[in-house]
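Please put together the full structure from these sequences, using the hints given.
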Amino acid sequence: MPEQRRIIFKHIDEEGYSNDIDCYQRNGGYEVLKKAVTQTPEDLREEVKKSGVRGRGGAGFPCGVKWGLVDRKSGKPIYLVVNADESEPGTFKDRYIIHQDPHQLIEGTMISCFANDVKQAYIYIRGEFPHGAKILEKAIQEARDAGFVGKNICGTEYSCDIFVHRGAGAYICGEETGLIESLEGKRANPRIKPPYFPAVLGLYQCPTIVNNVETLCHVKHIIDMGGEEFTKIGTPGNFGTRIFCVSGHVQKPGYYEFEAGKITLGELLNDVCGGPLPGRTFKAVIPGGSSAKILKFGERFKGTSRAGVDYDMGVEDVPMDFDSLQMIGTMGGSGGVIVMDDSVNMVEALANINAFYSHESCGQCTPCREGSLWMKKISTRMVKGEARKEDGALLKSVADQIPGRTICAFGEACSWPTQSFLSKFGDEFEAYPETKKSKTEDAIPLI
Amino acid sequence: MNLKPETLKQIDEVITHYPEKRSATLPLLHLIQEDIGYLPKETEEWVADKLELEPINVFEVTTFYPMFRRKPTGRRLIRVCRTLSCALVGGHKTCETLRQEFNTDLNEVSPDGDVTIEYVECLASCGTGPVLMVDDELHEKVDCAKAKQIADQIKAEPKES
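Taken in order, these protein sequences are the chains called A and B. If you use my numbering, the first sequence corresponds to residues 4 to 450, in order. If you use my numbering, the second sequence corresponds to residues 230 to 390, in order.
No lab work stands behind these hints: they were computed from the structure. This structure is a prediction, so every number in the text was calculated from the model and none was measured. Don't take each hint at face value.
Lysine-lysine pairs mimicking BS3-like chemistry, simulated, CA-CA at most 27 Å apart [what the hints assert, rightly or not]:
(1) B:Lys-238 x A:Lys-189
(2) A:Lys-122 x B:Lys-233
(3) B:Lys-233 x A:Lys-189
(4) A:Lys-38 x A:Lys-69
(5) A:Lys-141 x B:Lys-250
Only some residues are given here: those of chain A computed to face chain B with a beta carbon under 10 Å [claimed, not checked]:
(6) Arg-29
(7) Pro-92
(8) Ile-341
Computed footprint of chain B on chain A; a stretch qualifies when at least three of its residues, placed anywhere within it, have a C-beta under 8 Å from a C-beta of chain B [claimed, not checked]:
(9) 130 to 137
(10) 182 to 188
(11) 242 to 252
(12) 357 to 364
Heads up, the beta-carbon is just placed ideally off N, CA and C, and yes, glycines get one too.
Following this line, the structure appears as structure tokens:
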């Protein structure tokens, strides 16, 4: 079994490690920032580009490319916004960085700000992390007092401040343009692209970089070890480590950091997480946050990879990286792995997911607002014992009409679960009207 | 609006964090809600006046974000995660236990005024489900027995907070 390689989570749960600046500095903290401000921003950006690091929020977009798109000639200020809205169901990694190692995030953020000539950064943290927000504010003040944030950073001419901004319970704020709207004091209705690419027209219509918490922590380590060295971790195209958040029906749920692509889904679930609960068997797994398409244990994937290699593998054999998971029709997303065993009825599990997306649609685009609501209504009535024979087909037909017809990727996110549940567990939906009426008190709750 | 001097000070300070005042809408609503416990009906006009907006601009925000509440809650607010990972390990049973302990429906103030219980979406602690928050405190691995303990603790607290 591969060993964990803890880079981002090195100090998480470490005995005696505390979240104050003294402890952080005792462990080498802020040395990378001190080194970074002696280099040119261009060189730092080049290192991040060389590292190939991909965004850890869900989309997996290369961070260096994102930075490369920033309009540096507009004459307007450039903003950096830390996306700490961690809200994709199944994902719980940023929580631990924020609560236990906030200075790692602040150092990564300040290096990224310096590399992009940013003078003001905001950390957008989800409303349900009230302690996290206080911890970050305290940590930023400590860093300000020590000269790592604010005026004349590390004694240089460079100044940049960070403020914490709390969300208020809306999932869509994790979408970067929705987040920007929210930071401007409005409803988090995502913006249409083009023209509103954050790199050009972001916060206050200025060029803006939005990066996930974990991504910014990676930047610190990339600048520390060099972009080239970073590419020795992980697998080609999937450099660095990934933090997998495993929840649901395994013996040892939790967070595990491995080199990307160096561990298979089977090793993660069976060897690392201790396998299924006693007397149960794995039935299905969602590998990258609740919007990722579900995988069914027992199914096989055959084809030719982009590199021209033929593959034929089961769910357990899939390497855990962005490209392999995409190759088999799902995604690595935010690293949230949700496991379901043979006790789960898939109609009920989907009803739970559909209730989530219906609640969280911002309501701006008709296909998403109405579609997510109807998917919820149909799956809810199925679970409540009013299933109709045609409901499975109806669910699929609604889901098929949403993706590609909305302003943001929520349209895809809300339809992929229904599409994939129906294509892989269609027989359960077909049989549900007859088989399930007696068991409703055990059903997963909906509302 | 009757806000504590400390809250007013924080409000004036937080507005300076942004080049455009409107950005302070969410922070102001949080501060008012933390002070009063909910957002009283004059909130929109007061915030709009403070930030040089129209009340409708604030109303759009208070009606969009689930954490902003328009009426008082019980002495303690219990938010139980409803989403898949917690549901798979029995979150609904946890919620039902609490509901029975306080003899209340969801989203209501319990008869003794102790709590308001509600379902919320994912709290981002999926590996330690079922999870819930009592006010700002996260509680993890809350099975029915632990839910009962939490209920007993809340009931034993002095009534005036």
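Structure-based check of all given hints:
1. B:Lys-238 x A:Lys-189: 23 Å, holds
2. A:Lys-122 x B:Lys-233: Given pair Lys-122 of chain A, Lys-233 of chain B is violated - Cα atoms ~33 Å apart, limit 27 Å.
3. B:Lys-233 x A:Lys-189: 26 Å, holds
4. A:Lys-38 x A:Lys-69: The given pair, whose Cα atoms are some 23 Å apart, holds under the 27 Å limit.
5. A:Lys-141 x B:Lys-250: 24 Å, holds
6. Arg-29: 28 Å, violated
7. Pro-92: OK, holds: Pro-92 of chain A within 10 Å of chain B, min 4 Å.
8. Ile-341: Ile-341 of chain A check passes; min Cβ-Cβ to chain B is 6 Å, inside 10 Å.
9. 130 to 137: Result for this restraint: holds, n = 5.
10. 182 to 188: Coverage by chain B holds here, the residue count being 4 at a Cβ distance below 8 Å.
11. 242 to 252: With 5 residues closer than 8 Å to chain B, the stretch 242 to 252 of chain A meets the three-residue bar; holds.
12. 357 to 364: Holds, because 4 residues of the stretch 357 to 364 of chain A bring their Cβ atoms closer than 8 Å to Cβ atoms of chain B.
Checked against the numbered hints listed earlier, the structure breaks hints 2 and 6; every other hint is satisfied.
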